[in-house]
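In the order they appear, the protein sequences are chains F and A.
According to the working numbering, the residues represented by the first sequence are 1 to 401, in order.
According to the working numbering, the residues represented by the second sequence are 1 to 152, in order.
Think of the hints as simulated: they come from the structure by calculation, not from any bench.
Fair warning: this is a prediction, and the values are worked out from it, not measured in the lab.
Quick reminder that beta carbons are idealized off the backbone N, C-alpha and C, glycines included.
Hints may contain errors.
In silico DSSO-like links for lysine-lysine, alpha-carbon gap of 30 Å or less [said to hold, decoys possible]: (1) F:Lys32 with F:Lys171; (2) A:Lys27 with F:Lys229; (3) A:Lys126 with F:Lys32; (4) F:Lys177 with F:Lys242; (5) F:Lys242 with A:Lys27; (6) F:Lys336 with A:Lys8; (7) A:Lys142 with F:Lys205; (8) A:Lys8 with F:Lys23; (9) F:Lys336 with F:Lys32; (10) F:Lys177 with F:Lys165; (11) A:Lys8 with F:Lys52; (12) A:Lys62 with F:Lys205; (13) F:Lys229 with A:Lys8.
Among chain F residues calculated to face chain A with C-beta under 7 Å, some are [what the hints assert, rightly or not]: (14) Phe125; (15) Asp189; (16) Asp231; (17) Gly275; (18) Lys278; (19) His297.
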Amino acid sequence: MSRKTLIPIGPYHPLQEEPELFKLYCDGEIVKDIQWVTGYNHRSIEKLSESKTYEQVFFLVERICGICSTSHPFAFANAVEEIVGIEPTDRAKYIRSIIGELERIHSHLLWVGLAGHFLGYNTVFMWAWKYREPVLDLFEMITGNRNSYAMFRVGGVRRDIESDKIAAIRKILSEVKTKTDLLTGAVMDDPVIHARLKGVGILTKQDVIDYGAVGPTARASGVAIDVRKDDPYAAYPLVNWKVITAQAGDVFAKAEVRLLEMYESISIIEQCLKGLEKEKEGDIMVKVNEIPEGIGHGRAEAPRGEVFHFVVSDGSNSPARHKIRAPSYVNIATFKKSCVGQTIADATITLAGVDPCYCCTERMAVVYDANSGEKIMNARELIDRSISKSHDLMEELKKNK
Amino acid sequence: MESESIIKSFKEKFTAEILEITEKNHKRVVITIKPDSLLNLAKYLYKDAGFRFIIASAIHTKRGFEIHYHFSKDSAGLILNLHVILDRNNPEVESLSNMFNASNWIEREMHELFGINFLNHPNQDKLISEGNWAEGVYPYRKEFKSNSEEKE
């Protein structure tokens, strides 16, 4: 066997906030195999949930993910409401969908920004995060929190969106739309981004089916699955929108899907606001007296794909079993297909391509030679390598002009 | 309805293997089957009927170890659970990971958290508690008490 170099990304990921370790086995520049090590921060939320009451579990599951913090309470509410057999009021449904879609917009903007950062496009990073800010302000206005909104409960939502706030929401939304136009135009027209991302980290349709991948990762490979359409919940059956797909399966297709999805989200929110105006203010809760015995399946389309909650109730006031599957659980496994055969410079963006909840905590990515144990590269150098590839491409394109 | 015809044809095809069917509504169906026939039925769902494997949930109950294998037929919005009940003392069942990769991690997880053995699994190493958890102690079993629970 030829000599392979081991490149660890982790145990604290330089791209993602989660502590996890990717071991890239490389032969020269090419990644030959990848292994995933996790569990550094296992919080045992499923077990914890069994010791909490249903009302408390909402706050617990909200803390599974900081970026898509509303999708877990969303799925849990759907699961418990299936057990009880109730439907929230239309007003509560609209409010739920508005929160869900606002979250999608801020999460996708965050991804575009970070993807730009790791390609050496710091302007994209600055722009995207600047334009994400008004969305967080909106959240603060509606829910009182910039993150972890605590809006959901069994049978409805905790806070109403008062009619006098709707005009302000519309105003911020139209601003976000103009900025999204700007960003989408800049990203989609840039020849270097095309050269850098097209054909990188390809996931075929068969891979998606084999690994059960979900969300934009699946939709970018031509698998048109979206829980909002397939198994409609909240206000999604009441509004018009379409599922965005792309065929190529590479990182560019994933970026395209996310950028275009933001427009659909804006359109959904606008329709929900119209719906809100028709409903009576304050009608946001259906009273639930007790949770009967039974099982419930809750699904919600998070920015990263389908969130699945399975709740078993024994008639007491806390779940007897609560199984949670976040979308990254199935999406991360696909790295085995998308990363192998890529160069190291492309590995960082391929790993970021499925958007497994990250922030830039560049702490411990250090490259060692597998044989001598000698330190070769640190996180900064890894990222520099990715950035310099973009620069080389830029120069090349200039020369060819 | 698409989901109704799927369930109907499934029932007719596998009458001998099905122990019980609970249909909450036409989008949520739990089918309790004999553990021996799991591989066969999962193969039919995945290969022939075009289902997607979502995840599996293990539960420790009075009846033993139960696993719900959640399958989704996305075009019909249907969730179909293949439900198996395994022996209390020697829980083991055939692995699905040789058919699709989607079940690889969750079977490893159920193995380390519940102590359920998956036969012919390609690699049943620990997934989330490598190197920081005692062998043979299964934290998601009902008899397991955490430190705070023991004090009470």
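Tested hints:
Our distance criterion of 30 Å between C-alpha atoms is broken by lysine 32 (chain F) and lysine 171 (chain F), whose separation comes to about 50 Å. With a C-alpha separation of about 14 Å, the suggested pair lysine 27 (chain A) and lysine 229 (chain F) falls inside the 30 Å cut-off, and the hint holds. For the given pair, lysine 126 (chain A) sits about 23 Å from lysine 32 (chain F) by alpha-carbon distance, which is consistent with the 30 Å threshold. Straight-line distance between C-alpha atoms of lysine 177 (chain F) and lysine 242 (chain F) comes to about 17 Å, which keeps the hinted pair within the 30 Å bound.
Pair hint lysine 242 (chain F) plus lysine 27 (chain A) holds up; C-alpha atoms about 22 Å apart against a cutoff of 30 Å. The straight-line distance between the Cα atoms of lysine 336 (chain F) and lysine 8 (chain A) is roughly 37 Å, outside the 30 Å bound, and the hint therefore fails. Between lysine 142 (chain A) and lysine 205 (chain F) the CA atoms are separated by roughly 40 Å; this puts the pair beyond 30 Å, and the hint is violated. Among the hinted pairs, lysine 8 (chain A) with lysine 23 (chain F) is inconsistent with the structure: their alpha-carbon atoms are about 47 Å apart, more than 30 Å.
For a cut-off of 30 Å, the pair hint linking lysine 336 (chain F) to lysine 32 (chain F) stands: about 10 Å separates their Cα positions. Proposed proximity of lysine 177 (chain F) and lysine 165 (chain F) is supported: the alpha carbons are some 19 Å apart, at most 30 Å. Taking the CA atoms of lysine 8 (chain A) and lysine 52 (chain F), the gap is near 39 Å; set against the 30 Å cutoff, the hint is violated. Between lysine 62 (chain A) and lysine 205 (chain F) the CA atoms are separated by roughly 42 Å; this puts the pair beyond 30 Å, and the hint is violated.
For the proposed pair lysine 229 (chain F) and lysine 8 (chain A), the alpha carbon gap of about 24 Å is at most 30 Å, so the pair holds. Interface restraint check: phenylalanine 125 (chain F) against chain A, minimum CB-CB distance 32 Å, threshold 7 Å, status violated. Taken as an interface hint, aspartate 189 (chain F) does not check out: its beta carbon lies about 34 Å from the nearest beta carbon of chain A, beyond 7 Å. Checking aspartate 231 (chain F) against chain A by beta carbon gives a least distance of about 4 Å; that is within 7 Å, so the hint holds.
With its C-beta approaching chain A no nearer than about 22 Å, glycine 275 (chain F) sits outside the 7 Å limit, and its interface hint is violated. Hint on lysine 278 (chain F) is violated. Least Cβ distance to chain A is approximately 26 Å, over the 7 Å limit. Hint status for histidine 297 (chain F): holds, given a least beta-carbon distance of 5 Å to chain A, under 7 Å.
The structure fails to meet hints 1, 6, 7, 8, 11, 12, 14, 15, 17 and 18 from the earlier list, while all remaining hints are met.
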